[in-house]
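**Student:** Sequence:
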Amino acid sequence: MKAVLPFDDEGADLETVGGKGASLARLSRAGLPVPGGFHVTTAAYREFTAGLRERIAEAAARRDAARVAELFAEREMPPGLAAEIRAAYDALGEGRAVVAVRSSATAEDLPDMSFAGQQDTYLGVEGDGLLDAVKRCWASLWNERAIAYREHNGVPHDDMALAVVVQELVEADAAGVMFTADPVTGARDRIVVNASWGLGEAVVGGQVTPDTIVVSDGAVTETRIGDKAVMTVRVPGGTREQPVPGELRRRPVLDDRQAVRLAELGARIQELYGTPMDVEWARRGGELFVLQARPVTGLAPEVEEWNDSLEGGHLWTAGNLGEAIPDVMTPATWSFVRLFIHEAMHASTLPGFALVGNIGGRFYMNLSVTFSIARALGMGGRLGAVEQVFGKLPPGLDVPLLTTSRWEIVKRTLPMALTLRRRVRDNLKGMPAFLATSQRRCEELRARIASTATGPELAALWADEIEPHYVTACRMLEAAGRQGGATLVWTRDKLRRMVGEVEAEAMLTGAGAGGELASLGPVTGLARLAAGEIDRDTYARTYGHRGPHEFEVSTPRPGEDPAWIDAALAGLRDAADGTRALLERQGEARDAAWERFARRYPRRVARMRERVRRWNGVVRDREATRSEVIRAFWVLRAFVVRAGELTGHGDDLFFLHLEEILAVLRGSSGPLGRVPVRRATYERYAALPPYPALIVGPFDPVRWAADPDRRADVYDARGASAPAADTVTGFPGAPGVVEGVVRVLSGPEDGERLRPGEILVTTLTNVGWTPMFPRAAAVVTDMGAPLSHASIVARELGIPAVVGTGNATMRLRDGDRVRVDGERGTVELLP
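Per the numbering used here, the sequence shown starts with residue 666, numbered consecutively.
Please note that a few of the clues may not be correct.
In silico lysine to aspartate or glutamate, EDC-like type, Cα no more than 16 angstroms apart, as pairs [as the list claims (entries may be wrong)]:
#1 K800 with E816
#2 K800 with D785
#3 K667 with E749
#4 K800 with E749
#5 K1159 with E1275
#6 K800 with E739
#7 K800 with E712
#8 K1076 with D1091
#9 K667 with E739
#10 K800 with E735
#11 K800 with E741
So the derived label-pair ranges between C-beta atoms look like this [to be verified]:
#12 A695 with R905: 30 to 36 angstroms
#13 A695 with T850: 45 to 51 angstroms
#14 G951 with A813: 51 to 57 angstroms
#15 P910 with A1352: 47 to 53 angstroms
#16 T850 with M1163: 22 to 28 angstroms
No wet-lab data here; the hints were simulated from the structure. Even glycine gets a Cβ: it sits at the ideal position worked out from N, Cα and C.
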């Protein structure tokens, strides 16, 4: 290895010339404006320290930096080495060049840590002072701060070596640093330039408040003029600090044109390194120079924006399907959910407008679309039915409507309306066969997925078999929900007007009497398992796909956890009343309610029983097809997991969209470059609390989460939100009055905290919460509506419920004693 190398030498790598030297070599070879210079390599350091290493190590162990400095100062530079260094120096300016002599360690300027400032730099060196400056740089490898920093970062001292960079000192009239990504926010679309007068040491050392200029998209977007009180200037034998002349202190150092030119250099350097960079720069007579460049350390990870609320001032709701998808979604899950919406809710969409959105990774539906369609079609009087599906709107909330004309809405929706009835009719004919075979078909598909041997084979299986089954499942759910027109809404309303809330809810229960109600399946199945009527394998195969995070494909299904069944059985044993006892008691209440109805309306019993039979059939079909969609999601999870296995990229594939996963299976590596950003984005959003159930207009999840006065019920960017209610009221979810102690749960994973007879209070529930219901005396949720999961299951079990309160988790705390009135939809705090 040579003792001295030119700046742009191909052999100037990290091991040879250290981090700073390797970076300057890379910049020089790329043609960037780097001042001339040369490297004194690590081979020169090792030649000089031959015979000194044991004494250096002994002094360093004692943290005796002064003794190390003496060892270096006392030792003469070997003649041949000294001659090589002098010759390289003379080539810069015939022995008259003024240079900067900088230490360059082999563990310096790495992407995950920076050793900047741990070793010494000497400015304004010339002539005979060069060899002494090189020796002092070498000695600084063993100063106290350098030793401590290496030990803190786990960098071994063994075989440490130091190179030295000798570089022409630019007689700068201005200098500073530049970050090619915002060092505070991590934003990659902002280049931040700090600038001050004189040499750059005052900026790097923090002795001055520099100007700050932000450049985005090739233009200056922000400028802050600093009070530049001091500047570093060269003097004979070195540099010194001196006051900045008064007329310059508040004068901008760079004009916009120079700032943009500097940012262009920064962009070239970032492209060269492939990562955000910290660049030291200087200006002399209008000419710009790059002095150093190192990767930015400690930078916030790059993220994407997942936020459809930024597109228009719409009303978004997390009700209904958002309750079934309570988590921040991975990109793979969002791909499958969008396909689900396209197939299962296509008739509810308005071409040109998004019916669903991804806001901070969470699922929302666009109620502005729903309201606009209803009013355009003359169905504004029926919008009250929306509340039974999506939950209540706060009093006074003005729903923003689409600006599209009524005629345009009618023209866009009419073709879909004309084909919907035929599509539903055809799919209803095939529903019995689909429900009878779906479980077996999903098990077959998971087995086929597991047996695939190559990526292209798995991609072909997706196209030929997996996607067609998933699409069929989605269309069956659409048909199940569309059958009978408005049966689910109007039957309930009619009964309530005739006999009141309590009687109506009792008469509507028993949806599982003509077959299992899928939402109750996990808990009724546990009762059968506990009684020995079915075995564990049957239970796992039948219900192993259902869980609190069943839409999220990156989350294992309960059926993948061997301990899942035992944990569920243990929770069921704690219930004060068994599931069967609850169902039998509710059955008695139902029969009694029908007897009273018959006495009051003897001529209307048969007709009303038929309407309720249809009600129960629609509920049962909707729940059964939804369960099979979720079973298909287990197949989708198996597909992504196997794709990760076959390609060797594991769970990285959860952070790709479907089309990207298929591309990777077919051999493309391009989409994998997006994984780090997507993973960082997911983790950023997943760390935030659940967002408001209702959002109007542009919404920033990060800013909202940082607001100590944030509301969990509604966010209105228009600033017109009604004051948050002090009382806890919502929909009557299931009738009954009960008093008890509150237990607030943030998620089903906290279920063991719920004691028998306590009031379960949470943001929302889905089928994964069902095994907890028999332990609860009542259920209270922030989100929900009469047709939501909590309402249906609570009614069937005869457990009082108040849903869609918006603020229960804000107002109630563990240990509070409350009275829950499921008929009136109120929760009263007791003394």
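**Student:** Each of the hints needs a verdict: does it hold here or not?
**Tutor:** Hints and how they fare:
Between K800 and E816 the CA atoms are separated by roughly 23 angstroms; this puts the pair beyond 16 angstroms, and the hint is violated. In summary, the hint linking K800 to D785 is supported, as the alpha carbons are separated by about 11 angstroms, within the 16 angstroms threshold. Proximity of K667 to E749 is assessed by CA-CA distance (about 10 angstroms); at most 16 angstroms being required, the pair is judged to hold. Restraint check: the Cα-Cα separation between K800 and E749 comes to about 15 angstroms, which is no more than 16 angstroms; the hinted pair holds.
A distance of roughly 14 angstroms separates the Cα atoms of K1159 and E1275; the hinted pair therefore holds under the 16 angstroms criterion. For the given pair, K800 sits about 10 angstroms from E739 by alpha-carbon distance, which is consistent with the 16 angstroms threshold. The hinted pair formed by K800 and E712 meets the criterion: a straight-line CA distance of about 12 angstroms does not exceed 16 angstroms. For the hint pairing K1076 with D1091, the CA-to-CA distance comes to about 25 angstroms; that exceeds 16 angstroms, so the pair is violated.
In summary, the hint linking K667 to E739 is not supported, as the alpha carbons are separated by about 24 angstroms, beyond the 16 angstroms threshold. At roughly 11 angstroms between alpha-carbon atoms, K800 and E735 fall within 16 angstroms of each other, so this suggested pair holds. Using a Cα cut-off of 16 angstroms, the hinted pair K800 and E741 holds, with the two alpha carbons roughly 9 angstroms apart. Against the hinted window of 30 to 36 angstroms, the Cβ-Cβ separation of A695 and R905 comes to about 34 angstroms, which satisfies the hint.
For A695 paired with T850, a C-beta distance near 28 angstroms fails the hint of 45 to 51 angstroms. Separated by about 42 angstroms at the C-beta atoms, G951 and A813 break the suggested range of 51 to 57 angstroms. A hinted range of 47 to 53 angstroms for the beta carbons of P910 and A1352 is consistent with their spacing of about 49 angstroms. For the hinted restraint 22 to 28 angstroms between T850 and M1163, the CB-CB distance of approximately 60 angstroms leaves it violated.
When the structure is compared with the earlier hints, violations turn up for hints 1, 8, 9, 13, 14 and 16 and for no others.
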